[in-house]
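Note that UniProt numbering numbers the sequence shown so that position 76 is 76, with each residue one more than the last.
Hints in this document: simulated from the structure, not taken from any laboratory. We put the beta carbon where it would ideally sit given N, CA and C, even for glycine. Among the hints, a few may not be true.
Said to hold, decoys possible - Here are the simulated distance ranges between beta carbons: (1) R9 - A131: 16 to 24 Å; (2) P90 - P69: 23 to 31 Å; (3) D51 - H19: 16 to 24 Å; (4) D38 - R89: 28 to 36 Å; (5) L114 - P136: 27 to 35 Å.
What the hints assert, rightly or not - Taking lysine-lysine and the DSSO-like style, the derived pairs with C-alpha atoms no more than 30 Å apart in a straight line are: (6) K99 - K87; (7) K85 - K63; (8) K63 - K87; (9) K85 - K99; (10) K99 - K63.
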Amino acid sequence: MKHHDGDRRWMERALQLAHLCPPSQTAFSVGAVIVDADGNEISNGYSRETDDHVHAEESALAKLPTDDPRLSSATIYSTLEPCTKRKSRPLPCTQLILKAGLARVVIAWREPDLLVTNCTGVEDLRSGDVAVDELPALADAAMVMNRHLLP
Numbered sequence: 001m002k003h004h005d006g007d008r009r010w011m012e013r014a015l016q017l018a019h020l021c022p023p024s025q026t027a028f029s030v031g032a033v034i035v036d037a038d039g040n041e042i043s044n045g046y047s048r049e050t051d052d053h054v055h056a057e058e059s060a061l062a063k064l065p066t067d068d069p070r071l072s073s074a075t076i077y078s079t080l081e082p083c084t085k086r087k088s089r090p091l092p093c094t095q096l097i098l099k100a101g102l103a104r105v106v107i108a109w110r111e112p113d114l115l116v117t118n119c120t121g122v123e124d125l126r127s128g129d130v131a132v133d134e135l136p137a138l139a140d141a142a143m144v145m146n147r148h149l150l151p
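Assemble the whole structure, with the sequences as input and the hints as a guide.
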């Protein structure tokens, strides 16, 4: 799998954001960074940044206008696979990403069958013509702030 220049650096930035999450016994701590085609950070977010239920990708997307022209060529870096089911919101992060028209998603690890079973974020994004890359070398770093939730 060919990674783009800067993928590791941007995921490390998302990991820093994940460490800012207020701890939770019922939700993962996740960081997300949106980077435009020129390699500039245009938004970021993390789990529970603005309320107890907000997800990282949702928080980052909410800081940009929905018709921001940069989104169609942007990449979102998320420390965890975007969710496909939500109890607290009408749209899961996978749908928010598809709706925003992002070109690419990069994740550090896939959602384990723990809080949500059978997350299909990667597959749903790919079937929506979004490029998805995984950085498994950073998966352990993305799990650090979530160890208390893992079996």
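Hints and how they fare:
1. For the pair R9 and A131, the beta carbons lie near 18 Å from each other, so the given range of 16 to 24 Å is met.
2. Judged by the Cβ atoms, the range 23 to 31 Å given for P90 and P69 holds: they are separated by roughly 25 Å.
3. Under the hint 16 to 24 Å, the C-beta atoms of D51 and H19, about 19 Å apart, fit the expected range.
4. D38 and R89 have their C-beta atoms about 31 Å apart, which keeps the hinted 28 to 36 Å range intact.
5. Between L114 and P136 the beta carbons are some 18 Å apart, a value that contradicts the proposed interval 27 to 35 Å.
6. Under the criterion of a C-alpha separation no larger than 30 Å, the hint pairing K99 with K87 is consistent with the structure, at around 19 Å.
7. Pair hint K85 plus K63 holds up; C-alpha atoms about 22 Å apart against a cutoff of 30 Å.
8. A distance of roughly 22 Å separates the Cα atoms of K63 and K87; the hinted pair therefore holds under the 30 Å criterion.
9. For the proposed pair K85 and K99, the alpha carbon gap of about 15 Å is at most 30 Å, so the pair holds.
10. For the given pair, K99 sits about 15 Å from K63 by alpha-carbon distance, which is consistent with the 30 Å threshold.
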